[in-house]
Structure formats: C-alpha cells, structure tokens
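From first to last, the protein sequence lines are chains A and B. Counting in our numbering, the first sequence runs from 1 upward without gaps. Counting in our numbering, the second sequence runs from 1001 upward without gaps.
Simulated from the structure, these hints should not be mistaken for laboratory data. Ideal Cβ placement from N, Cα and C applies to all residues, glycine included. Wrong hints could be hidden among the right ones.
Stated by the list, open to error - Restraint ranges, calculated between C-beta atoms of paired labels, are given here:
1) A:Glu-239 to B:Ile-1065: 34 to 44 Å
2) A:Asp-248 to B:Leu-1074: 30 to 40 Å
3) B:Ile-1022 to A:Asp-258: 34 to 44 Å
4) A:Glu-225 to B:Arg-1030: 15 to 25 Å
5) B:Ile-1022 to A:Glu-239: 28 to 38 Å
6) B:Ala-1077 to A:Asp-258: 47 to 57 Å
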Amino acid sequence: MDRTTAPTWFDKDFARRLQRLALQSPRVLRSSKIGEHQSRQKGNSLEFVDYRNYVSGDDFRRIDWNAYARLERLLVKLTEAQESVTLHLIVDVSQSMAWGEPPKIEYAKRTAAALGYVALSHFDWVTASAFSGELTNLFPPTRGRGQMVRLLSFLAGLETTGETHLDDSLRSYLSRLRRGKGDVAVIISDLFSQDGQDGGLRYLASAADNVILLHVLDPTEITPELNGDVRLIDSETGEPVEVSITPDLLAAYGREFDRWTGGIRDHCLRRGIEYFQIDTALPIESLILSYLRRRKVVR
Amino acid sequence: MLPIGFANALALGFLALIPVVIALHMLRSRRPPQIISSTMLWRQVNQERVGQLALKPPVVSLPLILQLLAILLLAAALAAPGLLAQGKARHVLILLDGTTSMLATDTLSGATRFDVARSQAIQYLRELPGADTASNPAAVDSSLPENTMVDPMSAEADACTSVQASLCPNEATDRGTAARIKSTSP
Chain A
1 MDRTTAPTWF
11 DKDFARRLQR
21 LALQSPRVLR
31 SSKIGEHQSR
41 QKGNSLEFVD
51 YRNYVSGDDF
61 RRIDWNAYAR
71 LERLLVKLTE
81 AQESVTLHLI
91 VDVSQSMAWG
101 EPPKIEYAKR
111 TAAALGYVAL
121 SHFDWVTASA
131 FSGELTNLFP
141 PTRGRGQMVR
151 LLSFLAGLET
161 TGETHLDDSL
171 RSYLSRLRRG
181 KGDVAVIISD
191 LFSQDGQDGG
201 LRYLASAADN
211 VILLHVLDPT
221 EITPELNGDV
231 RLIDSETGEP
241 VEVSITPDLL
251 AAYGREFDRW
261 TGGIRDHCLR
271 RGIEYFQIDT
281 ALPIESLILS
291 YLRRRKVVR
Chain B
1001 MLPIGFANAL
1011 ALGFLALIPV
1021 VIALHMLRSR
1031 RPPQIISSTM
1041 LWRQVNQERV
1051 GQLALKPPVV
1061 SLPLILQLLA
1071 ILLLAAALAA
1081 PGLLAQGKAR
1091 HVLILLDGTT
1101 SMLATDTLSG
1111 ATRFDVARSQ
1121 AIQYLRELPG
1131 ADTASNPAAV
1141 DSSLPENTMV
1151 DPMSAEADAC
1161 TSVQASLCPN
1171 EATDRGTAAR
1181 IKSTSP
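One chain only, chain A, in its complex shape (with noise of 0.2 Å):
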C-alpha cells in the first residue's frame, strides 16, 4: 500500500510531538536501574545504524557533537546492539471492540500506530498482531521510519470479528515469534474474554522484558446508561441477559466491576505487568503525550 492509501491519524504537530518521545522500559525505570539496558550492551558490537533526535534522559556521551557542529541539532548515534529493542503491538479485533463512541478499536488502532511511530522513530523493531478467538494477522517485524505507512496501512486494515480468546491467542502469538531481550509487549484489549486473560498474561510476562496492557473501555462501560428494563445482548456471542435498571443494580454492577478490573491489576502486579485502564474519552494526544509519559511508558 502507498502513501496515498494511509490512513492520516495523526496531525503534523501531533507526529513531531510524537517523534520526540521514546519507549520506556518501565521494569528498569521500577527497579531504578535507569541506564542499565545501555551499559548491559557494551562490549557488544557498536555497529552503527542511523541518528535520531535527542530526548531527555538519553546518555550525553552517544551525542554526535560533529553532527551537531554542522546541523546544529543534537543528534544520538543508534548502534545495532543498544537499540535492538522490539516492540510487540498485539490488538484486540475482536466483535466487542467495534462497540463504543468512538468504536473502541479505531481507539485502539491509533494508540497503537501512535506507539509503533514512536518507536519507529527510534530505530526500534516493530511487529504487530492482531487477535480475536485467534491470531488473525500479523505484521512481521520492521523498523525504521519508512515503515510507518506500512504499518499504518496494517492496521488500518484490521476488522472486527469473533470473541475473544485471549489465553489461546497469546499462547499461538509467543510460539510464532522469535523474543529477544528488552522486547516490549503492548496488549491493547477490553479484555472482555470468554475464557479469562490469566493464562495468556502469564505466557506473554514471562516471555517479555516489558508487558503493558492497556485495557480500553467506553465510558458507558464503566458507568452504564441504561434505563428501564431491557435485554441487553453479548455483541461476541448473541447472548440474552434480561435486566431491570434499578439505583441498586447499577451499584451492583459498578461492584462487579471493580472486582473484575481489581482483579486483572492484581495479576498484573504479580506478574510484573504494566497495567493502565484507558477511557476512550480521553483523546490520543493525551493519552500518548501526557498519560503513558507520566507514567513512564514513553519519555
């Protein structure tokens, strides 16, 4: 696919914002170990790949003072060993994902592309699936800037089907691919799985360096609006539930889903998981530039 057929997410301002970040290993920065993933590389080969920009917190020794003698900018060599870091960008396409204002995969389809920008920017690898009962697509690992319209176009492409299996997708995604240290795996689901996400978290955390889940919800799922009585029916499996919308069952529900995200964060603590839960009401920009930064997803 062209240039022409990608899909214009993002604004001119919006991707020069994003060009500036970088992908933060949040497990290092846990630990306070800031810096160790750079010196753990030295020794190894120094080939060198390509500049970027330079962020803050980037060490000063890898500036190019030449480059910035003749461009006035400062710029940090990229070497094959220090940045061979590959971010894993695993959406969830399944049917409930189309439900939500904005639908909640065009949210998730923009964070992603968001992310992969990021990290394309920075010469990091970016591979990316896509999952509902099963793996459905996948785009094989790349990096480089000149991928992002492919990778746009990628995603561009994905569609709602199915229900979701997350334990059996993440299980088929971890035997197709080959891991590598300082991978960084982001899930973004709703997590609204038939059989439960434990297993699938589980395989993923102890395959990856860096997990974060980003678990995308409409507002109304959060908060319902409903009224009266009403049967509200499974978008994924057609199925009924009758309920009468009283004060009492609206608390009820709002309990029941506490227990439940209380539930995923607890796992997700235990399992060294970064876990965030998005309201899709939050615009990307926010979300990418001020959220995941203070939170030290990006820096």
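Once you have looked at the hints, place chain B on chain A.
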C-alpha cells in the same frame, strides 16, 4: 365524629382492581433489545439477583400511583359516601291537637292556633336530617281515627307535610286517642 355510610356500597367492588394494577406492574414488560459489547459483567450481577424471574418487586412509579389513585376516586365517587347521624336514626312523631279550640285566633299573626302549629310542624319536618324518619302527621281527632296514622314509617318529609297540610281541627280533645297513636308508633 360522624361515621361514613355509602349509598351504593357495591361500587366499592371496584377496589378489587387495585391488586390487579399492582400485579400488572409486577409483570416484566417486553424488553427492548440493546446490543452491548459484552454481557459478562451483567451475567455476574444478575446471578446475585432476581433478574430472571417472571415477577419483580413493584417499583413505585408515577404511573402506578396515578392508576391506584384513579381507582380509589372512581370507587369512592360511585359509592356515594355520606355522613351518618350519630348512632341510630331518630324517629319523630308529630301530634297536632285537632280540637275546635285550636281554631282560636289569639295568635300574634291572627291565624288560628292550628295553622300556627301546623306551620311550625312543617318547618320542623323540613329541617329533619336525611337519615331521620317521621310518621305522617296526625291530628288528634277521635272522630277520624283512620286519619291519624297514615304510613307511619315514611321518611319523606314532603309527603308528611302534604298530609299535614290537609289536616284540620275537629271536635274536642281526646287524650286517649293521642295516647293510642303514641303507643302504635315504632
């Protein structure tokens, strides 16, 4: 405080509609379908509740209140409630002296004593409460004993006054007749 009586107590049978209306409100209405992303959480919530039962506790709503109020007002209006007199209704017996001495005109208005007495009796009858009864008026007249007691339990004041208006004094006082009339009244 006066007790309440109903002229048409059968109309209170309409109150039987109240449980029918409440039962209709307890029936689950036909629910409009609404597609949501997942019913996973709602299923959990419903398991702890009575969501799947055919009946539900009635929700106090404006339509329910208005419907119950309408039934109450309809039944009350048709039953025609009214205040009853205290205890048992009184029975009034009016005796007029029908002797010729009542023809004397020594009253302030110049009318005969009998006319004055008759007017006062008529006035009294008109002011009787609805629940009270009055025997037709009687003129104590030994020569016309058949006129002395006509329809003794009539409650119609107008009928009494019309009969009374036709009475006129006759012979001498007959206290025995008066006592006889008194003893036959209920």
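Each hint tested on the structure:
no. : hint                                : in the structure
1   : A:Glu-239 to B:Ile-1065: 34 to 44 Å : holds (36 Å)
2   : A:Asp-248 to B:Leu-1074: 30 to 40 Å : holds (34 Å)
3   : B:Ile-1022 to A:Asp-258: 34 to 44 Å : holds (36 Å)
4   : A:Glu-225 to B:Arg-1030: 15 to 25 Å : holds (21 Å)
5   : B:Ile-1022 to A:Glu-239: 28 to 38 Å : holds (32 Å)
6   : B:Ala-1077 to A:Asp-258: 47 to 57 Å : holds (53 Å)
Going down the numbered hints, you'll see the structure goes against none, and every one checks out.
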